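A.B. asks: The residues making up each chain are set out below.
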Amino acid sequence: MEPNYTPDRFEEFLRKSLQDFEENPPAEAWQNIHGRVPVPSPRIGDKRKVLAIAASVCLLLSAFGAQFYYFNQKLAQAQMELTAQKAEIERISATLNQKNIESATILAQFDAVQSETSDVNAQSTARPLVHHTKSEGTFTPKTKAAQPTASSLSEPMRILTAKSQNDTQNTQNQLITKEKPFANIAETVQTDQQIKSQEAPQAPFREESIRDEKPQISLQTNALSLLEGYVTQLKLASQAIQAPRLTAPYIPVQKSRSTLAIRAYTIAGRTEQEVLLRGNPQNGPKDFVKQDYNQSGTVLQTGIQVEKQITRRVVLFGGLAATQVTQQGQHSIKLKPKHGGGGHGGPNQHDSLTFDYTIQTSTGVVDVELRAVDTTSMMHNDDVDIMLKTIEKSRYTSVPVGVKLLLLQKGRLSLALGAGVTLNLPTKRDIQIENVDFMAPFYVKPDPRDRNRAKVRTQGPDPMDLWWNGSAHIAYALSPRMKIDVAPTIFRKANRSLENGWADHSLSGTSVQFGLSYRL
Amino acid sequence: VFATESELVKACIAGRADAQKELYDRYKAKMFAMCLRYAGTRVQAQDMLQDGFVQVYHDLHQFRHEGSFEGWVRRVILHTIYRELRKQPHVLPYNQEEDAVYEHLESDDEFRQRTARELIAMMQNLAPGFRTVLNMYIFEGYNHKEIAQILGISEGTSKSQYMRAKASLRELYEKKLQ
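For the protein sequence lines, the chains are R and A, in the order given. To convert, take the position in the first sequence, counting from 1, and add 6; that gives this note's numbering. To convert, take the position in the second sequence, counting from 1, and add 96; that gives this note's numbering.
Simulated from the structure, these hints should not be mistaken for laboratory data. Here the structure is a predicted model, which means the values were calculated and not measured. Just so it is clear, CB atoms sit at the ideal spot from N, CA and C, and this is done for glycine as well. Among these hints, one or two may not hold up.
[To be verified] Estimated spans, in silico, between C-beta atoms of each pair:
#1 L472/R <-> A223/A: 43 to 49 Å
#2 G167/A <-> T433/R: 42 to 48 Å
#3 K395/R <-> E267/A: 45 to 51 Å
[Stated by the list, open to error] Where chain R lies over chain A, by a calculated footprint (3+ residues, C-beta under 8 Å):
#4 115-126
#5 129-139
#6 149-162
#7 209-223
#8 253-266
[Said to hold, decoys possible] Cross-link-like lysine to any residue pairs, in silico, SDA-like; alpha carbons within 25 Å at most:
#9 K22/R <-> A217/A
#10 K272/A <-> E29/R
#11 K55/R <-> R160/A
#12 K117/A <-> E28/R
#13 K106/A <-> T516/R
#14 K262/A <-> A217/A
#15 K262/A <-> N239/A
#16 K395/R <-> S302/R
#17 K126/A <-> H40/R
#18 K124/A <-> S302/R
#19 K416/R <-> S302/R
#20 K241/A <-> K272/A
#21 K241/R <-> I95/R
#22 K399/R <-> K241/R
#23 K395/R <-> K241/R
#24 K22/R <-> S256/A
Bound-form chain R, shown alone (with noise of 0.2 Å):
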């Protein structure tokens, strides 16, 4: 059988060949494979998203707690007057109770005396000067010429013609009374007592009509009083409650000029960092390639802030936090055996080498020592590659300052953009090497024991941090002096050259506040 391919295609055969060929591996092999497959575990960062969430939530069940305890205050006010109403409505019943039993007395002894009177009418009939009509209740004289005068009138007829005057003058009242049946019940009691007053001591001159009308718009003025003085009652406790709701003035920093709040906040957020190492180490038979490397990682923030309105719009802010920042990263070293004049160039004339590599981050120095055996073989363009995974965990003492400049208001609702900066002070750092992975040339092995071992140090003042932020502020006001708010927010490192010229750092980041104020 020929080969089908010429000699110099040999190559383009085989390339042709195995390009595009594929195999099914054995069953197994997934089996194998899912059994080492890493299972995701909440990584630091969910749990900090939690940890933002369950904060986040508290402050609003803090907030609405607050809500419900100050309205509480208002409803608990508002039915104590409403109990204090109650019992004075009833005092003033019982008292109309009263007045009624004693108007019933008066009209009891009115009808004695009427029926005396009566009695003296029957005597006076057959007197041809004087003849009285009904006319609502008084005594109209029907011929001028037959007009008694007071001292020509008999004892009888003078006691007669003084009660009709005084009849006639209650019987005005009443009537102003009936004009009247929805008088407030103040009046009604003032009406008995005129009555009392006018009409008792000299009571026995009445018209029957008048007489049996009077009980009767007396307890219907005092039944519809009453009832209207509930209604009145009910309405004024109503709008006790729903007062501070319709007209309470919901954003404090508009309605003055010179406001002061409290603000307690919360900021969880990611973080993104790039960091390039540059220099060289001082020590070790090594040479060194600079690398860039990358990390992420989450920020969470509490703290609490002071803000100072100085004119109508515009705020200032400033306060104290805790900072956390958790990052993960990779390093990658790509370190270099010095020449040492050793055979065909090689560097080494020894049959081991001990890498010694310090890394100095932001937050602290993470050494590195890994030692190689047969290295008598590497050559000049030989290196060696080591990746490092770690855990930077940097606590800081945080103070944010900046300014506020508030947009638009409508109803409860605001909003407001934020700017400023926040200098953090570190005071804790920890760093954790996750794992260690060493490459080099086949023919460099790395000696097991030293394998993967590593030193973390972290020594020394770190600097100051100053992160850049903005951000939006959307505010609902809870009550006159309380609110609640939430504001997205972009944040910025600033770019920083460590003194002796390793690393510039750049981070940037977006997060959340969560943040309950109260204005003082």
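For this one, chain R is given, so just place chain A on it according to the hints.
C.D. replies: Just chain A now, kept in the frame of chain R:
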């Protein structure tokens, strides 16, 4: 189930077993064929494949959704293979039992498929250094300078190993044809 590779990758990162299986099923045949070219035996190729896919799942969060995902998976597995080759530089003895694996393939209808399997079997008989350089030069497209950098050998060594590997493979194949 997963319309795009991006969704598949995200589901894998989230730890969904169905997504991980889907990813494996999509690329297992191509990757296993690649491992066969680098491995001395079929068992070794399976180990390479397993290690490679475990590394893929481990590093999946580093995929930046730029370029071909298949290419990224291939690079990760190749990186794993190269790392293993560096750790085990000694020449593995030729395993006669491996020939039996391909005997039943003689009845395969497609001549090309059979030829490929024969070539892989022959490549597995090459010395590991020859096989590695041959694969990197012909199939991965590296030049000798890059091969030298990756494997930590000189450029001249890479060239000489490649020439000897090609000559050996050609000799084996022609012997097979006869």
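A.B. asks: Work down the list of hints and note, for each, if the structure agrees.
C.D. replies: How the hints compare with the structure:
{"no.": "1", "hint": "L472/R <-> A223/A: 43 to 49 Å", "in the structure": "violated (59 Å)"}
{"no.": "2", "hint": "G167/A <-> T433/R: 42 to 48 Å", "in the structure": "holds (46 Å)"}
{"no.": "3", "hint": "K395/R <-> E267/A: 45 to 51 Å", "in the structure": "holds (46 Å)"}
{"no.": "4", "hint": "115-126", "in the structure": "holds (count 6)"}
{"no.": "5", "hint": "129-139", "in the structure": "holds (count 3)"}
{"no.": "6", "hint": "149-162", "in the structure": "holds (count 4)"}
{"no.": "7", "hint": "209-223", "in the structure": "holds (count 6)"}
{"no.": "8", "hint": "253-266", "in the structure": "holds (count 3)"}
{"no.": "9", "hint": "K22/R <-> A217/A", "in the structure": "holds (16 Å)"}
{"no.": "10", "hint": "K272/A <-> E29/R", "in the structure": "holds (22 Å)"}
{"no.": "11", "hint": "K55/R <-> R160/A", "in the structure": "holds (23 Å)"}
{"no.": "12", "hint": "K117/A <-> E28/R", "in the structure": "holds (18 Å)"}
{"no.": "13", "hint": "K106/A <-> T516/R", "in the structure": "holds (21 Å)"}
{"no.": "14", "hint": "K262/A <-> A217/A", "in the structure": "holds (14 Å)"}
{"no.": "15", "hint": "K262/A <-> N239/A", "in the structure": "holds (15 Å)"}
{"no.": "16", "hint": "K395/R <-> S302/R", "in the structure": "holds (12 Å)"}
{"no.": "17", "hint": "K126/A <-> H40/R", "in the structure": "holds (19 Å)"}
{"no.": "18", "hint": "K124/A <-> S302/R", "in the structure": "violated (31 Å)"}
{"no.": "19", "hint": "K416/R <-> S302/R", "in the structure": "violated (39 Å)"}
{"no.": "20", "hint": "K241/A <-> K272/A", "in the structure": "violated (33 Å)"}
{"no.": "21", "hint": "K241/R <-> I95/R", "in the structure": "holds (15 Å)"}
{"no.": "22", "hint": "K399/R <-> K241/R", "in the structure": "violated (61 Å)"}
{"no.": "23", "hint": "K395/R <-> K241/R", "in the structure": "violated (71 Å)"}
{"no.": "24", "hint": "K22/R <-> S256/A", "in the structure": "holds (23 Å)"}
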